[in-house]
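All chains, please: the whole structure from these sequences, using the hints.
Number of protein chains: 2
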Amino acid sequence: MSGTFTKAFKQADYHVSGHGSRNLQVLKDALESYDGGMESDMYGSGKVIKDFQEKMAEVLGKEDAVFFPSGTMAQQIALRIWCDEKGLKRVAYHPLCHLEIHEEDGLKELHHIKPVLLADESRLIALEDVVNMKEEIACLLLELPQREIGGQLPDYSTLEEISAYCREKGIKLHMDGARLFEILPFYQKSAAEVCSLFDSVYVSVYKGIGGIAGAVLAGGKDFIDKSKVWKRRHGGDLISLYPYILSADFYFGQRQEKMAQYYKEAKELAGFYNECHRVSTRPAEPVSNMFHVHFEAPKETMESLLAGLYEETGIGLSGHIREINEQTSYFEVSAGDLYGKVPEEKLKCAFQKLDEKMRGL
Amino acid sequence: MSGTFTKAFKQADYHVSGHGSRNLQVLKDALESYDGGMESDMYGSGKVIKDFQEKMAEVLGKEDAVFFPSGTMAQQIALRIWCDEKGLKRVAYHPLCHLEIHEEDGLKELHHIKPVLLADESRLIALEDVVNMKEEIACLLLELPQREIGGQLPDYSTLEEISAYCREKGIKLHMDGARLFEILPFYQKSAAEVCSLFDSVYVSVYKGIGGIAGAVLAGGKDFIDKSKVWKRRHGGDLISLYPYILSADFYFGQRQEKMAQYYKEAKELAGFYNECHRVSTRPAEPVSNMFHVHFEAPKETMESLLAGLYEETGIGLSGHIREINEQTSYFEVSAGDLYGKVPEEKLKCAFQKLDEKMRGL
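Keeping their order, the protein sequence lines are chains A and B.
All residue numbers for the first sequence refer to full-length UniProt numbering, where the first residue is 1 and numbers rise by one.
All residue numbers for the second sequence refer to full-length UniProt numbering, where the first residue is 1 and numbers rise by one.
It is possible that part of the hints are untrue.
Where chains are identical, the list cannot tell them apart; a pair therefore holds if satisfied intra-copy or between any two copies.
[Claimed, not checked] Derived DSSO-like pairs: lysine-lysine, alpha-carbon spacing no greater than 30 Å straight-line: (1) 28 with 228; (2) 108 with 228; (3) 7 with 47; (4) 55 with 7; (5) 346 with 264; (6) 55 with 10; (7) 108 with 89; (8) 50 with 10; (9) 228 with 7; (10) 357 with 346; (11) 226 with 108; (12) 28 with 47; (13) 86 with 134.
Hints were generated in silico from the structure; no laboratory data involved.
Okay, structure coming up:
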């Protein structure tokens, strides 16, 4: 079934989620605007990497920043530096933290850092979780928004309280801000304001920004200097990172100001889903451009149902459904450049059909 | 002085070494030949990465291969896998091995692997060095050619003997083949033939091949499967590596067959240097496209002398001189696409002037 489903999605006239296909044209479009004579960066030095790092340091309100090939590398290194500084190889994060579930235990295997898991898979980390922690830790990692539970966010006051508590207790606070720019419209804060609550921050350049790959780590000068040494140790200090840097800069310029629009569209889109029988979004009202759509039906059933929907309406909602258990399934949605291109009438028609089909199950 | 020297080099009409500027045009030229609709690789899967990996596995005569963002990452991982397999965290390599001098001790800091240093900074590893080693090791790394001593190579029979000895003793043999394609004309062997002496092989795609960045690790299927897990742990399993892969494939196609020409040109060029007073190359006769040029004069003197030479002749020999001690200095030369573009008359005139200037010191 998966094959038929994927095919039906790919062949749909319109896709509702994301910025579009991750094809080579994305890179070609970005490079178009730069002169061929522009010199490559060289192992972390050179104008192209320095300029972007300085720009991001300013955007994030930190002393310094460094471009990494991946967030996986950047975050392990951030935690390692804080652990070394305290002489304690223990950190705390959410059980669905990227480091815990998507990195083949790199943090443990390469850095021998042990995580304390706070809160549980159903909810965000609260101030009480931090205060009641029994183990001493070097660093607390907060992911904003918490992607694996639909992109939920704590109240801003909770963030401030956790930050104040960590400072008081000498715990470093690190932000997994893979989708930091996407949450600013909800918080009504600048990136620098949110980052000021944290000692170190990682942001991705290929989520809402839509670059090719790469990440930025920002923090104090000493922290960033250390991170460059670790970047070399990890094998991340490439002779040329410019293909990622130029595309990051290009799409940052194009999309930074669109985050409020994506957020508004995500709320509208979630509303459409929530009007359908046996369908609900998480969170009920999105707090960024992303959310999860839960179905009270198994994955196989939904793949079949949606494949039919895509074929009948020309509207592709998602190409990846994941199983939760035998009765329920979900997919992830990110409002991006494509949403505005879907004719309103066709979109409404598709959701009407979705509702009908879900009632027919 | 360094500034004036670098400027004089950059402003020279002709550069004698390398393929040309590492500017954005190198990437643009490569991407030109691919259709914008080509889909990105996705975290190690997808046609673009699979096809290139299969191609390189075949070229290198190994079961499987994997594309890495860097050789630093690929090689640490190769040694880690062999150490884990033997349950012994000790390897052997040359004192001027890349892992020992250019990686901020990543092998020790991340993998806790201890190196035994064989031979010394003046010569290659010989069979006796391996046979007489007191410590038990999991893996021996040989760098072909040994870059930091001018790109020297052992006799092929020595390679065969070391390989046979390692197999007999249960020592894995890993090749740092950053410049493997560049040495094939000297050995008069195929890449697969040389690789057959080794259990695992790393090759770079941006040395003689002249891609943007990246590396290939090749070996048995089980070894490569494990390397993919470690690649993720290191933060090297990027969502998109295609900018490096496409350019690697493009320039591999363009330059693979030119290695014999580069080798021939390197010998010719080395001959010109060796005819000059107080100048000698290492090796005396190159065995690949690369060699080092040693000057019996301090770095500062040579920068001043060469800046003048470049301005007078329009020929730029090198932009980076390194100090050996207070009396001697050197630079590295790689014959590449640029050599053939230098008018013979001008080149000979430049070497005549170099000889004169060296005699005048």
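Open item on the list: At most 30 Å between alpha carbons: which applies to residue 346 and residue 264, within, between, both or neither?
Closed with: within (19 Å within a copy, 66 Å between copies)
TODO: Could you figure out if residue 28 and residue 228 sit no more than 30 Å apart (CA to CA) within one copy, between two copies, both or neither?
DONE: both (29 Å within a copy, 28 Å between copies)
Task: Homomeric proximity label, residue 55 with residue 10: Cα distance no greater than 30 Å - done: between (37 Å within a copy, 28 Å between copies)
Task: Within, between, both or neither, where residue 108 and residue 228 count as close if Cα-Cα is 30 Å or less - done: Result: close both inside a copy and across copies, 20 Å intra and 17 Å inter.
TODO: Tell me, please, which holds for residue 28 and residue 47 at an alpha-carbon limit of 30 Å: within, between, both or neither?
DONE: both (21 Å within a copy, 19 Å between copies)
TODO: Since the copies are identical, ignore which copy is meant and state whether residue 357 and residue 346 lie within 30 Å (CA to CA) inside a copy, between copies, both or neither.
DONE: So residue 357 and residue 346 pass the 30 Å test inside one copy only (16 Å; across, 79 Å).
Open item on the list: If the cut is 30 Å between Cα atoms, do residue 50 and residue 10 qualify within a copy, between copies, both or neither?
Closed with: between (39 Å within a copy, 21 Å between copies)
Task: Alpha-carbon proximity between residue 86 and residue 134, which holds within one copy, between copies, both or neither at 30 Å - done: within (17 Å within a copy, 39 Å between copies)
Task: Intra/inter-copy verdict for residue 226 and residue 108 if alpha-carbon distance must be at most 30 Å - done: both (20 Å within a copy, 17 Å between copies)
Open item on the list: Cα distance capped at 30 Å. Does residue 228 pair with residue 7 within a copy, between copies, both, or neither?
Closed with: between (43 Å within a copy, 28 Å between copies)
Open item on the list: Reference check for the pair residue 55 and residue 7, CA-CA at most 30 Å: within, between, both, or neither?
Closed with: between (41 Å within a copy, 28 Å between copies)
Task: Within, between, both or neither, where residue 7 and residue 47 count as close if Cα-Cα is 30 Å or less - done: Answer is between: at 17 Å across copies they meet the 30 Å cutoff, but 44 Å inside does not.
The structure shown violates none of the earlier numbered hints.
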